Amino acid sequence: MTPFHLLDAVAVPLDEANVDTDQLAPGRFLTQPVFAELLLHDRRFERDGTPRGDFVLNDLAYVGAQIIVSRRNFGVGSSREFAVLALPAAGFCCVIAASFGDIFYNNCLQNGVLPVALEEQAIDTLLRALRAYPGLHVCVDLPSQTVKASSCGPYPFSINAVRKRCFLEGLDDIALTGRYSGQVAAFELDYYRAFPWLN
Amino acid sequence: MQPKTLVDKIWARHAVSVLEDSDTLLYVDRCLLHEGFWWNIIDALKARNLVIRRPGNIIACADHFVPTTDRSSGHAGIADARRRELILRLENEGRDLGVQVIGMMDPRQGILHVVAPETGITQPGMVIVGSDSHTSTHGALGAIAFGIGTTEAMHVLATQTLWQALPRTMRITVDGRLSSNVTAKDLILTIIARLGISGGAGRFVEYAGPAIAALSIEERLTVCNMSIEMGARAGLVAPDETTFSYLAGRPNAPSGANWERALAYWKTLRSDEGVRFDQEVSIDGSSVGPMATWGTSLDQTIAIDQPIPDPAIEPDTSRRHAHERALSYMGLRPGDRLYDIPIDYVFIGSCTNGRLDDLREAAEVARGRHAVVPAFVSPGSRSVKRAAEAEGLDRVFVDAGFEWRDSGCSMCAGANGDSLQPGQRCAATSNRNFPGRQGPGSRTHIMSPASAAASAIAGHIASAHRLKITA
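In the order they appear, the protein sequences are chains A and B.
Take the first sequence: its letter number 18 is residue 18 in my numbering, and every next letter is one higher.
Take the second sequence: its letter number 469 is residue 1469 in my numbering, and every next letter is one higher.
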C-alpha cells in the first residue's frame, strides 16, 4: 500500500445519497480486470459508450479530480472490492461522504483509498463550494484528521488508530498479522482441543 | 459476572489478540468463497507468495456465474467463455489447493448461503466470513457471519484470522406473532423500512422475541440475510431447539460424542439476562403486512396496498432528492398504488428466498392458476430442487406457466447473464432493488415469494391475500 499523508486536489461534487456498489461497479463487469471506465460506468456512459455530458464526473471543470464528495451511504450494498478498485483506476484516492456502506468502508482501508466521513452540514457546505467554484481544491490532512477547502473548514474526521497508522506507514494487514503468528498457533492448539468437531 | 451479549460471547472465544483502539485479531472458523471473486483472491494470494493456512476450513462454491438453464450440458452449456473459465478456475484450483470445492455439477451445488446451512457447514458459535455481503445469512443458526472484500478474504486464507473493530451491538425484539398471510420477508422489509438503510450501521444485530423464536430456520435465514440491507455488519438469532433439530444429522454437523459436546456448548450461546445492547429496537410482529419496495433503495418499501408516498412531504432535502430520483428511475408517480403497477417479469429464487419453504409458499399461490407474464423459479440449491421435485412443486409451477430452472444466484444480480431488458419491471424475491442491478435500466420490486407468485398470476404487483379477494 502507498503511504497516505496529505492530499490537496480537485474534488468533484456527486450530490446524491446512496451511491451503491452496483452503480459504482456494475455486476456485469466483474468477470474482467478493473478498467478506467468501470467507475459509475452506466452513469458516465450511454449504452453505445459515448460519455453522458450531463453527468458531473464528465464535466471538464473537474478534470484531474482525485477526491469525490458525496452524501449518505456512499458504497452501500455488496462486498465487491471492484467498487473500491474502480476509484483509483479512475484517478480517485479519497471519498468524502456523510456516511459509508460498512463493507465498502473496510475495503477502502484495504486499498489505500481514504474514506472520510464528515457531518452532514460540512458536506452541504463543501458541495455548495465545489459547485460554485468548479476546480476548487480540497485538502485532506490525515495526520491532523481534518478536511479544508478554501474558507470551508477545517472539519475534523475520525479514523481507527490502527488504520491510520497503516495508511501513514503504507502497512497492510498481512504485514501487521505476521507479528502475531505465534499467538495464532497457540490459539489454534487450545481452540481445537475445546472444539474438536471444528478441526 | 458481567452479563454478556451472544455476540460478545462468540467474539471473546475467537479473539486471538486485542490491540489499542480495540481492534481484535479474530479467529475465523469458515470462509465461504464463490467463483465471482475466487480469481481475484487467489491472484492476490499468489502475488504475495502466500499459502492457504487451513484449506479444509475454506469452502468454494460455484453460484454467481452458473447458468440456470441446460445444466445437464455441464460446463459446455455455459455460453460465455470467460464465465466458464472462472468457474473452472474455482473448481480446478480449489481442488489443487485442498479447499472444500462444491463445483457446478456437484449434487450439493447451489447458492453458498443456501448450501452451507443445509449441509451443516454453518453451526452455532462459529465466526464465518465470506466474499459476499449476504454472508450475514448464516447468523440464523447463531453464528457471527459477515461479508468481506477480496483483500480481507486473502488475509483470511493466509492467516485464518481477520482484524475487526470491537462490535457494536443492537437487539431487535419482535413481539407478538406474524399474521398467517405474512412471511419472514415481509418482516425484514418492515424492519428495514422502519430503521432505514443505515439504521443498523456497522452493528451486529441480534433478532429476538416471540415472533423470532416462532420462525423456522429457513425463515430466520431470510431475516438474517437482509440484515446487510439496513447497514448492519451481521444479524443473528440465538440457537435454540429449532436450531438443534435443524442441524441434527446434517452431513457436516458433529455426531456421536461430539454432538453431545457441541450441544452442551451451543446451549450457552445466548445473551445474558439484563445485558445492555448499544441499541434496542422493538417491533410489533402483528402489525406487519405484505410489503414490497417501490424505489431503488431498501427503505423505499411500503405495504402492497398502500400508495407511493409524495416526496413533497419529505422534510430532508437529500432524502427528498433520493425519493424523486427513485420515482423517475422506476417510472412511477406519487400516489400510485403498488397493487396497480403492471409488471413484465417475475423472478423467484436467490439466497434470500430460494429455499424449500419459499418455493412451497410460492407454489401454494401458483397452484391451479396461470402466470400472465414471464416468470421463472430458480431453486437455491440442487438439493432444494430435488426436494421440491419430490413433492411435485416443479409440476405446480410448470402447469401454472412458470419456468422451472436450475440453481444459482441468477437474476438477483444478473452476474450469470440472467437479466432484464432496459425498462422492464420485475417482481423479485431477491434482496436488492438498486438501479441496474438486474441489468441496465432494470426496475426491481422486492417482495416475498407468495407476493411474487401472486404478481405473476395478476400481471401487476399483488399479494396472495389480495389475489384471493379478487379471484
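Mixed in with the good hints, there may be bad ones.
[Stated by the list, open to error] Here are the simulated lysine-lysine pairs, DSBU-like style, with alpha carbons at most 30 Å apart:
#, chain 1, residue 1, chain 2, residue 2
1, B, K1267, B, K1046
2, B, K1009, A, K164
3, B, K1267, B, K1004
4, A, K164, B, K1267
5, A, K164, A, K148
[Said to hold, decoys possible] Quick list of the computed label-pair ranges, beta carbon to beta carbon:
#, chain 1, residue 1, chain 2, residue 2, range
6, A, V63, B, A1012, 22 to 30 Å
7, A, Q183, B, G1392, 40 to 48 Å
8, A, L189, B, Y1329, 22 to 30 Å
Simulated from the structure, these hints should not be mistaken for lab results.
In this text, all values refer to a predicted model and were calculated from it rather than measured experimentally.
Built from N, CA and C at the ideal position, the CB exists for glycine as well.
Below or equal to 30 Å on CA atoms is what counts here, so check K1267 (chain B) against K1046 (chain B). violated (41 Å)
40 to 48 Å was suggested as the range; check whether the CB atoms of Q183 (chain A) and G1392 (chain B) agree with it. 55 Å Cβ-Cβ, so the 40 to 48 Å window is violated.
Holds or violated: K164 (chain A) to K148 (chain A), with C-alpha atoms at most 30 Å apart: Distance ~19 Å between K164 (chain A) and K148 (chain A) Cα, so the pair holds.
Quickly compare the C-alpha distance for K164 (chain A) and K1267 (chain B) to 30 Å and report which way the hint goes. violated (40 Å)
Take the C-beta atom of L189 (chain A) and the C-beta atom of Y1329 (chain B), compute their distance, and say whether it sits inside 22 to 30 Å. Violated, at about 55 Å.
The hint says 22 to 30 Å between V63 (chain A) and A1012 (chain B); measuring C-beta to C-beta, is that right? violated (51 Å)
Compare the distance between the alpha carbons of K1267 (chain B) and K1004 (chain B) with 30 Å, and conclude whether the hinted pair is satisfied. holds (15 Å)
Is K1009 (chain B) within 30 Å of K164 (chain A), Cα to Cα? Cα-Cα ~28 Å, so holds.
The structure shown violates the earlier hints numbered 1, 4, 6, 7 and 8.
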